[in-house]
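In the order they appear, the protein sequences are chains S and B. Numbering of the first sequence is given in the UniProt record's numbering, commencing with residue 1 and proceeding in unit increments. Numbering of the second sequence is given in the UniProt record's numbering, commencing with residue 1 and proceeding in unit increments.
A portion of the hints provided could be inaccurate.
Which residues of chain B face chain S? A few of them, derived with a C-beta cut under 10 angstroms, are [what the hints assert, rightly or not]:
| # | residue |
| --- | --- |
| 1 | Ala28 |
| 2 | Gly195 |
| 3 | Ser218 |
| 4 | Arg223 |
Everything labelled a hint here was simulated from the structure, so no lab data went into it. Predicted, not measured: the structure shown is a model, and the values here were computed from it. Ideal Cβ positions, reconstructed from N, Cα and C, are used throughout, including at glycine.
So the chains spell out like this:
Number of protein chains: 2
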Amino acid sequence: MSQQRHGSTPGEADGVPAFPDLPEATIARLPEYLRALHHLAETGAETVSSEGLAAAAGVNSAKLRKDLSHLGSYGTRGVGYDVALLVDQIEYILGLDKNRAVCLVGVGNLGHALAGYAGFASRGFRVVALFDADPKKVGEDINGLAVQHIDDLQRVAAEESIAIGVIATPPGTAQSVADALVAAGVTSILNFAPGVLSVPSNVDVRKVDLAIELQILSFHEHRKASLTALPGGRVPATGNSDQEAVGS
Amino acid sequence: MSQQRHGSTPGEADGVPAFPDLPEATIARLPEYLRALHHLAETGAETVSSEGLAAAAGVNSAKLRKDLSHLGSYGTRGVGYDVALLVDQIEYILGLDKNRAVCLVGVGNLGHALAGYAGFASRGFRVVALFDADPKKVGEDINGLAVQHIDDLQRVAAEESIAIGVIATPPGTAQSVADALVAAGVTSILNFAPGVLSVPSNVDVRKVDLAIELQILSFHEHRKASLTALPGGRVPATGNSDQEAVGS
DNA sequence: AGGCGCTTGTGAAGGCGTGCACAAATCGCG
DNA sequence: CGCGATTTGTGCACGCCTTCACAAGCGCCT
Chain S
1 MSQQRHGSTP
11 GEADGVPAFP
21 DLPEATIARL
31 PEYLRALHHL
41 AETGAETVSS
51 EGLAAAAGVN
61 SAKLRKDLSH
71 LGSYGTRGVG
81 YDVALLVDQI
91 EYILGLDKNR
101 AVCLVGVGNL
111 GHALAGYAGF
121 ASRGFRVVAL
131 FDADPKKVGE
141 DINGLAVQHI
151 DDLQRVAAEE
161 SIAIGVIATP
171 PGTAQSVADA
181 LVAAGVTSIL
191 NFAPGVLSVP
201 SNVDVRKVDL
211 AIELQILSFH
221 EHRKASLTAL
231 PGGRVPATGN
241 SDQEAVGS
Chain B
1 MSQQRHGSTP
11 GEADGVPAFP
21 DLPEATIARL
31 PEYLRALHHL
41 AETGAETVSS
51 EGLAAAAGVN
61 SAKLRKDLSH
71 LGSYGTRGVG
81 YDVALLVDQI
91 EYILGLDKNR
101 AVCLVGVGNL
111 GHALAGYAGF
121 ASRGFRVVAL
131 FDADPKKVGE
141 DINGLAVQHI
151 DDLQRVAAEE
161 SIAIGVIATP
171 PGTAQSVADA
181 LVAAGVTSIL
191 NFAPGVLSVP
201 SNVDVRKVDL
211 AIELQILSFH
221 EHRKASLTAL
231 PGGRVPATGN
241 SDQEAVGS
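Build out the structure end to end from the sequences listed, making use of the hints.
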C-alpha cells in the first residue's frame, strides 16, 4: 500500500511513522502468524496465500488480511505473501530482533519448568537471571543458570538491562515482587500468580492463570451437559473454533 | 432479578432456564471474581459492594455489576452482594461443584510442573491421570500419581469419566494427542503446545502459549522504546491497566 | 500485447462489549 | 413513619472488532 516500500529495511520507511498503532486484537494474533510462518518456511514455501496462512494460524482469512494490512503489508495480488519478508516484518514489529533479556522470579514448581522452557529461547527471548527469596534455593543451578537472591534483583537488572520480568511465585508474594521489579526498571511483567497486581500505568502486565483456564473449560462442560440433557438434544458448537491465545 | 429466588438452591429456578447464556467476556471474568470472593470470605467479610469487589478483581465496577446481573444476580441495593451466596452461585455456573477430573498428557518439563500445581486442586479440579509416550517415564511417580502410557488413555478416561484433558507435549505430537483425547471422549482441552489443534466442533479448546505472551509484551516494549525516543516524550500508558486473563 | 484467473486490500455493515449516568430499591435513623 | 444515604440494576450511546463482498492489481498464457 501507500508508496512502494519493497526492499527497504523492515520498518524503516520514508514518511511513515515506524509505528502504525495496531489494534490490540491484531497484536495478540501476530505471534501466532509468526509461528505459522516459521513453520511454512521450514517446509520450503516461498509464498503463502492469505487463505493458506489463515488456515495455518487458525483464523479467518479476511481477518488475517486486515491484520496484515495494518502493518502496511507486503503482499502481491494474485500471488500471496512472501514468507521470508513477512517473517522479518512481524519480528521487527514485535521487537524480536533485539533478543530480549528476561528474568524470572520464583523458582518453585512452575518457575523451575519455565526456566527450562525451550520455547523461550527459540522465539527471541533469553532468560538471563533467576531469583528466589528462599536461601535454600539460592545457588541452585538450573539449566546452567544460578539462582540468585531476590535482593540482588536491582543490581542484576541494571547490569543486564532487563525490561521484562516473569513472576512465578506464590500469590502472597507476587505484589511485593512486582514492586521490586518495577523499582528495578522492569516495564513489562508476565504474571503467573493468581491475583491482581497494581503497577504504575507505564508498566504492562499480562496474566496467565492456569486454574482460570480450566474453570472456563469447566463452564463449557457444564453448559454442554445441561444442554444434552435437554429436549433440544445435540451439542450446538460453542462457535469457538478459533482458539485464540489471549486477549488483554 | 426476575422473580424472587433468594434461598433456592443455586441455579435451580422455577421457570428460568438454568442456563442464561452468558457473554464469553463475562465467563472469562467470573473465575477472577470467584478468586477475589474467596479471598474476601477468608478475611471474614459478609457482604461486598460492587465497587469493592471490582477493585479486588481489577475491573470496572459497572462492568462487574453488568456481569453479575447476567446470571440473575443476588445483590441487595444499598447493601451489596452476599459473599457466600455469590460464591455458591458462581461455582454452580462454572460447574465447579462437580470436582472435575482432569488428565494431563506429556510429563516433560512443563507437564511435570503442572502435575504438581497446587492451584488446580484448590480450585475445583482433580488431576486423576498422567500420560506420556516415553516408556522411560511410564511408571514414574509424581505427587503420588503414577505416569501411564498414552495407549491406556482410552481405557482410563472411560473408567474415571474424564472430560477435560491438558496437553503439555512438544508441538509435534500435540495434534495426535488431541485426536486420542477426543477419541477417548474428552470434550474440553487445555493446550500448552504451540500450534493450532483441529478438533470436532463440539470440543472446546483453550490455548496457552507462554512465548506468545512474552512476544506481546515485547511488542509493547518496542513501542514504548520508540515513543520515548520521539519528540512527544513521555510514555502514555497502554490503557491496559485492566490485566484480564484471557478472552477466547 | 491482450485477456483471464487469482489474490490482495478495503469500504461498509453488523455485532459485541464497555462505560456512563440514572432510576429503582433497600436500609437505618430520627 | 418518612426521609436521606447508599448501592444495585440497566437503558443508551459509543467504539472496537469481525465479516462480507467487491474493486484493484498482478502474473501467466496464448
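Do the hints match the structure? See the list:
1. Ala28: holds (6 angstroms)
2. Gly195: Result: holds, 7 angstroms to nearest chain S Cβ.
3. Ser218: holds (5 angstroms)
4. Arg223: Hint on Arg223 of chain B: holds, closest Cβ of chain S at ~6 angstroms, below 10 angstroms.
Taken one by one, the earlier hints all hold for this structure without exception.
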